[in-house]
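A.B. asks: Residue numbers (my numbering): 3 to 335.
Certain hints may be false.
[Claimed, not checked] Simulated pairs of lysine to aspartate or glutamate, EDC-like, Cα-Cα distance not exceeding 16 Å:
id : residue 1 : residue 2
1  : Lys50     : Asp15
2  : Lys50     : Asp26
3  : Lys227    : Asp261
4  : Lys50     : Asp31
5  : Lys73     : Glu39
6  : Lys82     : Asp31
7  : Lys259    : Glu226
8  : Lys82     : Glu34
9  : Lys169    : Glu131
10 : Lys259    : Glu231
11 : Lys73     : Glu34
12 : Lys49     : Asp15
13 : Lys227    : Asp262
14 : Lys295    : Asp261
15 : Lys320    : Asp301
16 : Lys49     : Asp26
It is worth saying that the hints were derived from the structure and are not from the lab.
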Amino acid sequence: FDPAPSTWFKMLDVLQYWAKLGVDGFRCDMAEMVPVEFWSWVIPRVKKQFPSVLFIAEVYQPNLYRSYLQKGGFDYLYDKVGMYEVLRGVIENRRPASDLSACWQSLNDILPHMLYFLENHDEQRIASEYFAGNPLKGVPGMIVAACLQSNPVMIYYGQELGEAGMKQEGFSGNDGKNSIFDYWSLRTLMAWNNQGRWDGGGLSADQKALRETYARMLNLAAREKAISEGVFFDLTYANLDNPGFNSARQFAFFRKKSDDLMLIVVNFDSEPAKTALCIPLHAFGCLDIDDNKVWTATDLLAESKAFKLTLHAGQPVKIMLPGYSGVVLKLQQ
3 FDPAPSTWFK MLDVLQYWAK LGVDGFRCDM AEMVPVEFWS WVIPRVKKQF PSVLFIAEVY
63 QPNLYRSYLQ KGGFDYLYDK VGMYEVLRGV IENRRPASDL SACWQSLNDI LPHMLYFLEN
123 HDEQRIASEY FAGNPLKGVP GMIVAACLQS NPVMIYYGQE LGEAGMKQEG FSGNDGKNSI
183 FDYWSLRTLM AWNNQGRWDG GGLSADQKAL RETYARMLNL AAREKAISEG VFFDLTYANL
243 DNPGFNSARQ FAFFRKKSDD LMLIVVNFDS EPAKTALCIP LHAFGCLDID DNKVWTATDL
303 LAESKAFKLT LHAGQPVKIM LPGYSGVVLK LQQ
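Model the full structure from these sequences, guided by the hints.
C.D. replies: Right, dumping it as structure tokens:
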């Protein structure tokens, strides 16, 4: 590519044109079908003029991930064939929740650059008959996506309202997805708009409750430094043989930043579950916390009253998990 093809300069003009109009990020469709040399040429030129503009790539071949990040210069990649596929399999009860451990481990060196999601225009809606058929089934998956690591998470428009995408939309058809190519309005968003009042007046009680759950989840993930910036410790691997913990339907991990400690446990089953979570001695050393200490715990997701919790390598932590949800416990001494 020397000299650079004229197409490259035309594409640079296109990107700079939209950036000048205020576009703050570009989602690059099937970026892996474009030579990585182009991206390594064009992205620095755009960022030189617009440093804050983000570039997000659709790359679905894991063997190309590092090339498009390190050489191509992308900020983030969609984690489709990894985290999305595993979370969907767990939600549909086709895979054990413990598979999530191997999923993050396989990309451990580039995790900050992987974008987590459960819906986009290419994928079927959680609430559709082609996926879970119930938007609540996606809640534990979104807790994992939002809180597992410090990388970004995305929600698709209407996801927080339980949009099912089960309407025939022009060229799209009734496929559990929502078309981005046809003139179309989603009933869930129209209900939230409520004839321009933007107060959610047309939503059902269930839709309002789901939106509130998403709001709490995403706000605490952004607000709590332990989640947005902290270190991560997977607890599920230490509970694979624990009869008090169902590693097929439950997933647990720590997040920590300075003195802020979070214990997050999710339940992919519909029924509430009593779990007894073992904390390995290794966790205390990695997180630099004392063994056999009493903590004050507050569930930020449920906004519950504070209660006492002892973390001890020789004593499982007993936690009551709600169905299709989880707990995000902020621990303080």
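A.B. asks: Now tell me if each hint is right for this structure.
C.D. replies: Verification of the supplied hints:
| no. | hint | in the structure |
| --- | --- | --- |
| 1 | Lys50 x Asp15 | holds, 14 Å |
| 2 | Lys50 x Asp26 | holds, 14 Å |
| 3 | Lys227 x Asp261 | holds, 10 Å |
| 4 | Lys50 x Asp31 | violated, 22 Å |
| 5 | Lys73 x Glu39 | holds, 8 Å |
| 6 | Lys82 x Asp31 | holds, 13 Å |
| 7 | Lys259 x Glu226 | holds, 9 Å |
| 8 | Lys82 x Glu34 | holds, 14 Å |
| 9 | Lys169 x Glu131 | holds, 11 Å |
| 10 | Lys259 x Glu231 | holds, 7 Å |
| 11 | Lys73 x Glu34 | holds, 12 Å |
| 12 | Lys49 x Asp15 | holds, 13 Å |
| 13 | Lys227 x Asp262 | holds, 7 Å |
| 14 | Lys295 x Asp261 | holds, 14 Å |
| 15 | Lys320 x Asp301 | holds, 14 Å |
| 16 | Lys49 x Asp26 | holds, 11 Å |
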